[in-house]
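Put together the whole structure using the sequences plus the hints.
Each residue of the sequence shown is one higher than the last, beginning at 1 in the numbering used here.
Treat the hints loosely; a few may be bogus.
[Unchecked claim] Pair by pair, the computed Cβ-Cβ distance ranges are:
| no. | residue 1 | residue 2 | range |
| --- | --- | --- | --- |
| 1 | A30 | G4 | 31 to 37 Å |
| 2 | E38 | A9 | 41 to 47 Å |
| 3 | E38 | D10 | 46 to 52 Å |
| 4 | W13 | F33 | 27 to 33 Å |
No wet-lab data here; the hints were simulated from the structure. Each residue gets a CB set at the ideal place from its N, CA and C atoms; glycine is no exception.
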Amino acid sequence: MLLGAFRRADDGWQFAPSGRAVTNGLAGLATAFGVAVE
1 MLLGAFRRAD
11 DGWQFAPSGR
21 AVTNGLAGLA
31 TAFGVAVE
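Structure representation (structure tokens):
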């Protein structure tokens, strides 16, 4: 699972997230991938 990438910037490092945002934390992520959550 790729969550993002670190890249070098002028003043240090930056993190660039990849993919899409999910709501409801881990349950939202599981639901986005078709896992049934109670």
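Requested in this report: For the range 27 to 33 Å, tell me whether the beta carbons of W13 and F33 fit it or not.
Outcome: 29 Å, holds
When you take the CB atoms of E38 and A9, is the distance between them in 41 to 47 Å?
-> 43 Å, holds
Using the beta carbons of E38 and D10, state whether their distance is inside 46 to 52 Å or not. At roughly 48 Å between Cβ atoms, D10 and E38 fall inside 46 to 52 Å, so the hint holds.
Honestly, do A30 and G4 meet the 31 to 37 Å range at C-beta?
-> About 19 Å separates the Cβ atoms of A30 and G4, which means 31 to 37 Å is violated.
Hint 1 from the earlier list is the only one contradicted by this structure; the remaining hints agree with it.
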